[in-house]
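Undergrad: What follows is the residue order along each chain.
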Amino acid sequence: MIDQIIFYTLAFIIVAMSLMVILARNAVRSALYLISALLGFAALYIRLQAELLAGVQILVYVGGIMVLFLFVIMLVSVRTMEHQARQTRQWKAAVVIALGVAAELIYLIVRGGSIFVTKQPPDALLTKSQNTQVVGEALYSTYLLPFEIASVLLLVAMIGAVVLAKKKI
Amino acid sequence: MNILVNYVVIPLVKIVVIVAILSGGIAYLTLMERKVIARLQHRLGPMRVGWHGILQPIADGLKFIIKEDIIPIKADRFVFTIAPGISLVPAFIVFSVIPFGPPDSLWGTGGYVTDVNIALLFAVAVSSVGVLGVILGGWASNSKYPLLGALRSSAQMVSYEVAMGFGIIGVLLVANSLSLVEIVEKQRSMGVWFFFVQPIAFLIYYFCGMAETNRLPFDLPEAETELVGGFHTEYSGFRFSLFFIAEYANMITVSSLAVTLFFGGWLRPFSSVAALSFLDIIPPPLWFVIKVLIFLYIFIWVRGTLPRFRFDQLMRIGWKVFLPVAMANVMVTGAILLKFL
Amino acid sequence: MEHDIFGAIDEKTVLDANQVVINMGPQHPSTHGVLRVKLTLDGERVIDTDCIIGYLHRGTEKIVENRPYAAGVPYFDRTDYVAAVSNNLGYVECVEKMLGVEVPPRVQYIRTMMTEFQRIASHLLWLGTHALDIGAMTVFLYAFREREEILKLFEALFGARLTIHAFRIGGLWQDLPVGFLDACRRFSDTIGEHINEYEGLLTNNRIWLERTRDIGVISAQDAIDLGLTGPVLRGSGVNYDVRKARPYSAYADFDFDIPLGVHGDTYDRYLVRIEEMRQSNRIIQQCITRMPTGPIRAKAPRVIKPPVGEYYHSVEGPKGELGYYIVSEGKTSPYRVRIRPPTFINLQALKKLVKGHLVADVVAIIGTLDIVLGEIDR
Amino acid sequence: MITTNHYLVLAAIVFTIGVIGVLTRRNILIIFMSIELILNSVNINLVAFSYLLKNVVGQVFAIFVITVAAAEAAIGLGIIIALFRNKETIQADEIDLLKW
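Chains as they are written, first to last, in the numbering used here: chain X, 33 to 201; chain A, 852 to 1192; chain V, 108 to 485; chain P, 14 to 113.
No wet-lab data here; the hints were simulated from the structure.
Just so you know, not all the hints are guaranteed correct.
Unchecked claim - Restricting the straight-line Cα-Cα distance to at most 30 Å, the calculated cross-link-like pairs of lysine-lysine (DSS-like) are:
| # | chain 1 | residue 1 | chain 2 | residue 2 |
| --- | --- | --- | --- | --- |
| 1 | P | K67 | X | K124 |
| 2 | A | K995 | P | K100 |
| 3 | P | K100 | V | K462 |
| 4 | A | K995 | V | K169 |
From just these sequences and the hints, can you work out the full model?
TA: If you want it as structure tokens, here you go:
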């Protein structure tokens, strides 16, 4: 019961905020709604016993990426464009196609859901205070190569961003 | 029924108590700041409201509430209105994971609202949300000085967060846990405060904490003599006071985390030395408060002494001094732990 | 870029993605009054500055042209209102020069002493506000503590604290009150320690050094070309001080040094002013010990009608060469009075000094120029 | 009773919202934020399966996704700034040099 209340509340928040992201007139408002949605995601992760991920989500997404977004939004003063049309010309077709895809996805999930063992919510995935450790172990043993690649990716992105944004180096 | 009591009633009571204490503490922190700064400057500070200005915070609070709440006509009303809240709420939320007393205190419910296994990450992550309030407030004012302040703060807070995070990792390596309660327990079982194990990490954490809370010498986002108050230039009355409270709450957060991570939280000094057990006459939460007060005093002391950095100098120190030193600290700590333990 | 007199911001600059035009002042805590600086910024870097002045214009020069000579003195309290004594001295001595009046030595000594007190007071105010602009708030209150003592001395001798009307043409309003010299001695014995206190907070402070070193550098040649005077000029190493170059009052009698800077940056100007306070104190001490006795008024005519001609007299104010150019037609009021305001001319250097620096440096540079808008706008 | 299906459906909905945002909005920044939504919906799937299978791999991959999102945000926003400098617009359909 509590489970359901929590899930549906969070789901409602996430969906509503996601909708607001794409409907808002102003990019800053959009960012604000996206932040709310991201916090909702973080709460869901806690619900799914991925505490580390929840923390990372808030730290990296809300405290980092969204700050970057707001920074850029402020730099490219978007207010001047508030009065122009929000949508591109092909928006009706886009919505129809996207909804079609969604219907298909949901149909498949519901029909194919029985493939998954969905009878019981399993016991605690991992006992308290070990989630971080287990994720860390996986990252540094089995997934060491992807981890290193990710770090290189970040380095490349950093250099790329500097090169792109800097007028003269 | 038991669940209801354990997971709703008891935490709720604790939350109410902590929020009440914190609000009062913040109010009197402003008085403490004014008094301490005044003493540093051969002044008396507030003297009129009550005995030696003891009721000054109440008068200030009242003034903030009854002042007109001005919203500039060109401002983005919605964002402008909620920005102080965004800044304030995370500052308070962090206290949900900070332990004020040992787990067996308070009739076995623990001297904290909750002990989560990612408490430290949670604290750092949530306090990083507060910067959004500053940025949005500066943007929504639709005025140039606040915008400059917002730009400064977004750059400053993001970069100091990185160094701060690396500083904390040093503690994590030693403590082997993200739970703040366990970190303190570890300091008890090791018989030494982590400050003596990780002095560099502490210094980095504390300086970055000063930067994160926009205090001198890092108060560039609000620099009143440059940016006329920075992001809160256009704010007045109650909304301004929310930003103000958030800043002071953040000061308490940084001090509390510093105490918890580096100075043994609620532990008395030399908790492993039995000969000093007479110190136990002071209850653990009080030890915690005493230590926090010392750090708050240092905040104020620094403000009374130092000039302000310039923006490029600030960024240079963050990226070129604190971050490399913090990283080196992590590596050296890791190497020592691997070699000897 | 042309701008109209009200400094209206033209649209193109606003739309340029990289540049922001920002108004610093006239209501800004660090523009020391009502200076308005229009900054063109690229991020936080200053590309261009425009000073817009005149918010405090009261037409002092024109008013004085319609007053008797003696009635002109109080108006000059209000030009550089933090250094009223120096302003009075310049005007009074200029008129005395026109009349050919020789004032008694006691008057000269008192005038010199009070002017040096005024220099210390003015520098203290500068130090306090300059430090506050850079963020060191405690120095501000320390400096004001000592300035208060000086203002008390002024009150005892002149009857007022800020706009003093210190001197009269031909002498003084009253002789030194009883115990005044002792009070002066007490002050002058302690000020040295207090100056050490300020220096302890600032001179070797890393942040202070970072904020002031190599900020707003001006070379000796540029400083001369711009006509800068006072500590701003001496900070660049040019040895020019009216007190030494063209001694007036009793300055020829005293021993004092002119501190000089080397690099011409904000830090050097800071050091120069700090040292000037010490030197002023030296002069004060010499004044106290060698204070002559005698009359406090010269024989000046009751109705002042200087002979026809043009006269210029300048003194070393706290902020630079403070000159008075008076044209007389032989009537009871001057035909033309023109002040050479040191800060008005020093302010010209702002554009040059600020270029390429950050917004925070603009504040430091305005502070280091030690401007007073009462004098700039007159 | 909340099953994995619930999470999957939620993820699908958010994914669709993101796709609609990308396809319909003109403001590049909002398109970008829609992409973040899509990435997050994928993360929900990963974490939900991680929970279901009692396997931490899902969370590991979610962390990789967040890493990629961070890299992408840095680069993307850099591109937007460069674009804005040159074109003075951030409307997607005004940047159409590659169109016929």
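Undergrad: None of the hints should be skipped; say for each whether it holds.
TA: Results of checking the hints against the structure:
no.: 1; hint: P:K67 x X:K124; verdict: 42 Å, violated
no.: 2; hint: A:K995 x P:K100; verdict: 23 Å, holds
no.: 3; hint: P:K100 x V:K462; verdict: 28 Å, holds
no.: 4; hint: A:K995 x V:K169; verdict: 39 Å, violated
Hints 1, 4, counting from the list given before, are not met by this structure.
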